[in-house]
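**Student:** Now for the letters of each chain:
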Amino acid sequence: MINASLPALRQALDARQISSVELAGLFLDRIEASNPALNAFITVDRDGALAAAAAADSRIARGEAGPLTGIPLAHKDVFCTEGVLTTCGSKMLSNFVSPYDAHVVSLLKQAGAVSLGKTNMDEFAMGSSNENSYYGPARNPWNTAHVTGGSSGGSAAAVAARLVPIATGTDTGGSVRQPAAFTGVTGIKPTYGLVSRFGMIAYASSLDQGGAFGASAEDCALLLAAMTGFDARDSTSLERAPQDYTAALAQVTADRPLAGLRIGLPREFFAEGMSDDVRAAVEAALEQYRALGATTVEVSLPNAKLAIPAYYVIAPAEASSNLSRFDGVRFGHRAADYGDLNDMYCKSRAQGFGAEVKRRILVGTYVLSHGYYDAYYLQAQKLRRLIAEDFRRALTECDVIAGPTTPTTAWALGAMGDDPVQMYLADIYTIAVNLAGLPGLSHPCGFGAGALPVGLQLIGDYFAESTLLATAHGYQQHTDWHRQHPAAFV
Amino acid sequence: MSRSDWEVVIGLEVHAQLNTASKIFSGASTAFGAEPNVQASAVDVALPGVLPVLNRGAVERAIRLGLALGSHIAPKSVFARKNYFYPDLPKGYQISQFELPVVQGGTLTIRVGEGDSAYEKTVQLTRAHLEEDAGKSLHEDFHGMSGIDLNRAGTPLLEIVSEPDMRSSAEAVAYARALHALVRWIDICDGNMQEGSFRCDANVSVRKWGAEQFGTRREIKNLNSFRFLQQAIDYEVQWQIDTIEDGGTIQQATVLFDPETGETRMMRSKEDAHDYRYFPDPDLLPLVIDEAWIARVRGEMPELPAAMKDRFVAELGLSAYDAAALTAAKEIATYFQAAVDAAGSNIAKLCANWVMGELAARLNKADLDISASPVTPAQLAGLVSRIADSTISNAIARKVFDALWNGEGATADEIIDKQGLRQVTDSSAIEAMIDEVLAANQKSVEEFRAGKEKAFNALVGQVMKASKGKASPAQVNELLRQKLAG
Numbered sequence: 001m002i003n004a005s006l007p008a009l010r011q012a013l014d015a016r017q018i019s020s021v022e023l024a025g026l027f028l029d030r031i032e033a034s035n036p037a038l039n040a041f042i043t044v045d046r047d048g049a050l051a052a053a054a055a056a057d058s059r060i061a062r063g064e065a066g067p068l069t070g071i072p073l074a075h076k077d078v079f080c081t082e083g084v085l086t087t088c089g090s091k092m093l094s095n096f097v098s099p100y101d102a103h104v105v106s107l108l109k110q111a112g113a114v115s116l117g118k119t120n121m122d123e124f125a126m127g128s129s130n131e132n133s134y135y136g137p138a139r140n141p142w143n144t145a146h147v148t149g150g151s152s153g154g155s156a157a158a159v160a161a162r163l164v165p166i167a168t169g170t171d172t173g174g175s176v177r178q179p180a181a182f183t184g185v186t187g188i189k190p191t192y193g194l195v196s197r198f199g200m201i202a203y204a205s206s207l208d209q210g211g212a213f214g215a216s217a218e219d220c221a222l223l224l225a226a227m228t229g230f231d232a233r234d235s236t237s238l239e240r241a242p243q244d245y246t247a248a249l250a251q252v253t254a255d256r257p258l259a260g261l262r263i264g265l266p267r268e269f270f271a272e273g274m275s276d277d278v279r280a281a282v283e284a285a286l287e288q289y290r291a292l293g294a295t296t297v298e299v300s301l302p303n304a305k306l307a308i309p310a311y312y313v314i315a316p317a318e319a320s321s322n323l324s325r326f327d328g329v330r331f332g333h334r335a336a337d338y339g340d341l342n343d344m345y346c347k348s349r350a351q352g353f354g355a356e357v358k359r360r361i362l363v364g365t366y367v368l369s370h371g372y373y374d375a376y377y378l379q380a381q382k383l384r385r386l387i388a389e390d391f392r393r394a395l396t397e398c399d400v401i402a403g404p405t406t407p408t409t410a411w412a413l414g415a416m417g418d419d420p421v422q423m424y425l426a427d428i429y430t431i432a433v434n435l436a437g438l439p440g441l442s443h444p445c446g447f448g449a450g451a452l453p454v455g456l457q458l459i460g461d462y463f464a465e466s467t468l469l470a471t472a473h474g475y476q477q478h479t480d481w482h483r484q485h486p487a488a489f490v
Numbered sequence: 001m002s003r004s005d006w007e008v009v010i011g012l013e014v015h016a017q018l019n020t021a022s023k024i025f026s027g028a029s030t031a032f033g034a035e036p037n038v039q040a041s042a043v044d045v046a047l048p049g050v051l052p053v054l055n056r057g058a059v060e061r062a063i064r065l066g067l068a069l070g071s072h073i074a075p076k077s078v079f080a081r082k083n084y085f086y087p088d089l090p091k092g093y094q095i096s097q098f099e100l101p102v103v104q105g106g107t108l109t110i111r112v113g114e115g116d117s118a119y120e121k122t123v124q125l126t127r128a129h130l131e132e133d134a135g136k137s138l139h140e141d142f143h144g145m146s147g148i149d150l151n152r153a154g155t156p157l158l159e160i161v162s163e164p165d166m167r168s169s170a171e172a173v174a175y176a177r178a179l180h181a182l183v184r185w186i187d188i189c190d191g192n193m194q195e196g197s198f199r200c201d202a203n204v205s206v207r208k209w210g211a212e213q214f215g216t217r218r219e220i221k222n223l224n225s226f227r228f229l230q231q232a233i234d235y236e237v238q239w240q241i242d243t244i245e246d247g248g249t250i251q252q253a254t255v256l257f258d259p260e261t262g263e264t265r266m267m268r269s270k271e272d273a274h275d276y277r278y279f280p281d282p283d284l285l286p287l288v289i290d291e292a293w294i295a296r297v298r299g300e301m302p303e304l305p306a307a308m309k310d311r312f313v314a315e316l317g318l319s320a321y322d323a324a325a326l327t328a329a330k331e332i333a334t335y336f337q338a339a340v341d342a343a344g345s346n347i348a349k350l351c352a353n354w355v356m357g358e359l360a361a362r363l364n365k366a367d368l369d370i371s372a373s374p375v376t377p378a379q380l381a382g383l384v385s386r387i388a389d390s391t392i393s394n395a396i397a398r399k400v401f402d403a404l405w406n407g408e409g410a411t412a413d414e415i416i417d418k419q420g421l422r423q424v425t426d427s428s429a430i431e432a433m434i435d436e437v438l439a440a441n442q443k444s445v446e447e448f449r450a451g452k453e454k455a456f457n458a459l460v461g462q463v464m465k466a467s468k469g470k471a472s473p474a475q476v477n478e479l480l481r482q483k484l485a486g
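Residue numbers (our numbering), protein chains in the order written: chain G, 1 to 490; chain Y, 1 to 486.
These are computed hints drawn from the structure, not numbers from a lab. All the given hints hold, so there is nothing to weed out.
No farther apart than 25 Å at their CA atoms in a straight line, the calculated lysine-lysine pairs in the DSS-like style are these:
hint, chain 1, residue 1, chain 2, residue 2
1, Y, Lys76, G, Lys382
2, Y, Lys465, Y, Lys443
3, Y, Lys82, G, Lys382
4, Y, Lys418, Y, Lys399
5, Y, Lys82, G, Lys358
6, G, Lys358, G, Lys91
7, Y, Lys82, G, Lys347
8, Y, Lys468, Y, Lys483
9, Y, Lys136, G, Lys347
10, Y, Lys221, Y, Lys136
11, Y, Lys452, Y, Lys483
12, G, Lys305, G, Lys382
13, Y, Lys399, Y, Lys465
14, Y, Lys399, Y, Lys349
Between beta-carbon pairs, the in silico distance windows are:
hint, chain 1, residue 1, chain 2, residue 2, range
15, Y, Ser137, G, Gln351, 22 to 28 Å
16, G, Ala488, Y, Ser29, 52 to 58 Å
17, G, Ser369, Y, Glu291, 35 to 41 Å
18, Y, Glu291, G, Arg392, 26 to 32 Å
19, G, Arg392, Y, Ala170, 57 to 63 Å
Glycine included, C-beta positions come from ideal geometry on N, C-alpha and C.
Work out the full structure, taking the sequences as your base and the hints as a guide.
**Tutor:** Structure below.
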């Protein structure tokens with residue numbers, strides 16, 4: 001059961017081989033046993049989970065089960081959950097119990113999925129290692145001395161260690177794909193606007209997008225299908241007919257499932273910067289893709305190198321404004337002792353925010369300041385358009401773009417030291433995708449040095465989620481990297 | 001040097017609260033006066049994760065204003081965040097419009113002064129943009145702390161900015177009054193100044209006559225009555241002139257007006273001014289207004305005061321002065337129009353006299369708004385028609401008006417019949433009354449014959465009295481002269 005795919009779990013639930021309550025209990029026990037070592041969860045909601053599971057069981061008994069009814073999952077702690085602590089990985093919200101559900105949370109509740117708890121993350125989703133969490137770093141199940149990646153590190157670690165079959169995440173610059181790569185699971189970030197941001201605590205609004213973690217593209221497809229859909233409460237939510245991603249996967253059955261697929265390989269992604277072990281695994285995966293019928297073609301993303309500087313202007317600018325509401329006035333942390341109003345603001349925010357959050361607020365405040373706005377913010381927006389143009393052009397020459405998800409495998413905890421720029425560079429292959437608003441997926445494609453997983457990233461055109469999932473699914477039908485599990489936990 | 005050496009330059013920024021039922025970015029009610037914080041939704045409180053959704057009704061009201069002012073309505077405008085910290089600003093930023101406002105340019109023609117010295121002036125508008133109001137900080141009753149009421153947070157505002165076109169406090173007040181009348185006329189704002197629905201900021205500077213450049217301005221914030229607007233500007237102008245004439249210079253600043261002392265005092269200098277770090281709000285897409293939307297709103301617009309005024313002159317033959325007075329407020333114009341519709345446009349002038357005369361005086365005395373008038377437009381029309389067709393005299397008409405005001409009858413005709421007020425036009429009956437009066441007032445007859453015209457008037461009065469006011473005064477005049485001559 002622990003390693004079963006969602007369709008297998010569905011079958012077991014529908015055949016009454018196991019009840020949803022039993023399934024939830026099984027995973028809750030696994031969380032209890034392994035979380036001390038992994039720190040993947042900030043909050044475990046056993047009572048809420050068992051109640052939801054019982055409700056799912058009666059729904060199954062009534063014959064009204066949907067694809068996710070009774071399936072356990074976990075939410076990244078960036079999603080507001082009614083009545084459940086919602087910290088966003090920050091001391092600032094360490095006392096915040098949300099009075100409402102995020103759109104994603106309510107959609108999954110309606111689908112009958114059973115939330116086991118809230119997963120660890122970099123504070124306010126700012127980070128690439130989960131080391132910026134107020135609750136301490138989540139640890140990589142493949143080697144607990146190594147990071148999970150971030151910011152959705154807890155969700156990735158929880159799925160990798162099979163503490164939960166699927167989990168939600170968010171991806172602003174790679175925060176789903178990078179931890180998926182580091183922990184050997186599959187993760188997808190859809191086109192900007194497909195998943196409602198209502199109730200998803202904002203980091204950088206124009207880049208933030210909800211995403212899905214699962215063991216396979218198949219599991220991700222089921223979760224993503226339940227997360228997407230128009231939401232009138234989010235003005236950037238797109239009005240599009242719901243997509244049946246699973247149906248797209250069903251078409252991938254032949255011996256050469258990817259015949260005719262043109263895979264673009266950006267010259268810039270395969271130049272310097274990628275470690276040898278990652279390169280070897282990615283090259284092998286591409287060879288496998290060709291064996292499955294795909295052709296590869298070199299493409300160019302000449303402005304991709306500008307993605308990191310553009311991102312580190314736009315994202316902090318938006319963050320500096322988005323995080324202004326955390327002022328200690330209405331909710332969240334307020335300093336115990338303060339003099340006047342200004343002192344209350346300063347102390348509450350100084351105490352409530354961690355170093356990386358403060359750094360990005362300062363950078364964002366700076367780039368929006370009078371006299372600097374044009375040089376930084378407007379310039380970065382221009383770069384953003386150039387980057388999007390690059391992708392548009394490249395995607396006329398191919399169906400999907402492929403490359404490494406990350407330049408290296410997961411590094412050791414603390415290895416980045418105090419050099420934030422070094423950490424920022426770890427997102428070099430993922431960030432451009434957010435700037436363009438495109439969908440991206442990472443799937444495991446082997447192991448590098450130290451037996452740590454390597455991820456391959458697929459990037460598609462707008463709304464090409466089905467193509468990405470079907471491509472990864474085709475690969476996963478003929479490989480078993482996604483079925484490898486960290487022995488210490490599974 | 002004296003004040004007459006200086007030219008005063010004033011521009012106004014008016015914040016008009018839009019009369020939508022719900023807030024500009026949330027579904028919470030905008031009603032005034034509720035218990036603190038009961039009308040603050042998750043969005044208004046700025047809980048983590050919430051997002052704004054634009055209220056189309058607020059946009060339509062902006063379009064209405066733009067159409068009324070002849071402005072350019074931007075096909076694409078952008079919401080921006082104005083960032084600053086204050087406890088009654090829950091998000092730490094106000095959603096406003098900065099570089100691309102929804103309404104651009106336009107003009108408003110105002111009438112300044114009274115009587116012969118009155119003149120018209122056309123004020124240029126810079127822009128009008130949509131934004132959200134903040135909450136309120138309450139500093140009393142909290143024992144050294146401040147209370148925060150977020151009911152008002154997110155109430156839609158239209159900030160209407162004029163060019164620095166006004167040259168006196170009188171012009172500024174005339175502009176503010178005209179704009180106030182207009183927003184009520186097109187039904188986008190209730191105009192309630194006590195509740196803060198219509199607030200003015202005045203940018204004031206002075207310069208020597210003939211100077212090419214404007215002087216340094218100071219902005220007087222939050223004036224919520226026309227009287228305060230006038231007082232604040234007058235004080236500020238004198239203060240600036242005195243300061244300069246005493247050898248000082250004006251520093252750009254924001255000031256507050258204290259109605260208690262009648263003085264302005266500095267709130268913050270330019271050096272303390274916030275850097276608001278405006279940038280486009282990534283939570284809101286650009287506001288796109290297509291021609292079809294504008295056309296639909298245009299189709300729903302009422303006739304505007306300027307057009308109505310011109311029509312009153314051209315079609316009803318009113319004087320420009322009367323037409324302006326009748327279109328100074330929508331309620332008056334509506335009342336007058338309804339009365340004319342019922343009475344017929346051929347007696348529009350008589351209707352106008354009654355609306356601006358007897359009715360206005362009675363309403364004023366009773367402290368009633370014209371929309372609450374006990375005498376309806378139809379009733380007034382009925383009354384005026386009977387004057388026009390000589391059924392009653394003006395004197396009797398005032399009696400009938402009183403009776404209508406007091407609810408003594410449903411129509412003027414009913415009161416005239418019930419009280420027997422119909423004018424007596426039967427000449428034999430009037431002659432009989434004249435004969436009686438002449439017989440009883442021989443002294444007056446003699447005086448008249450001795451050349452005293454006044455005595456004639458006394459005799460007319462006696463005849464009218466004898467007829468209980470019902471005789472036609474013109475007829476009495478004519479018959480009396482015949483009798484006395486005979």
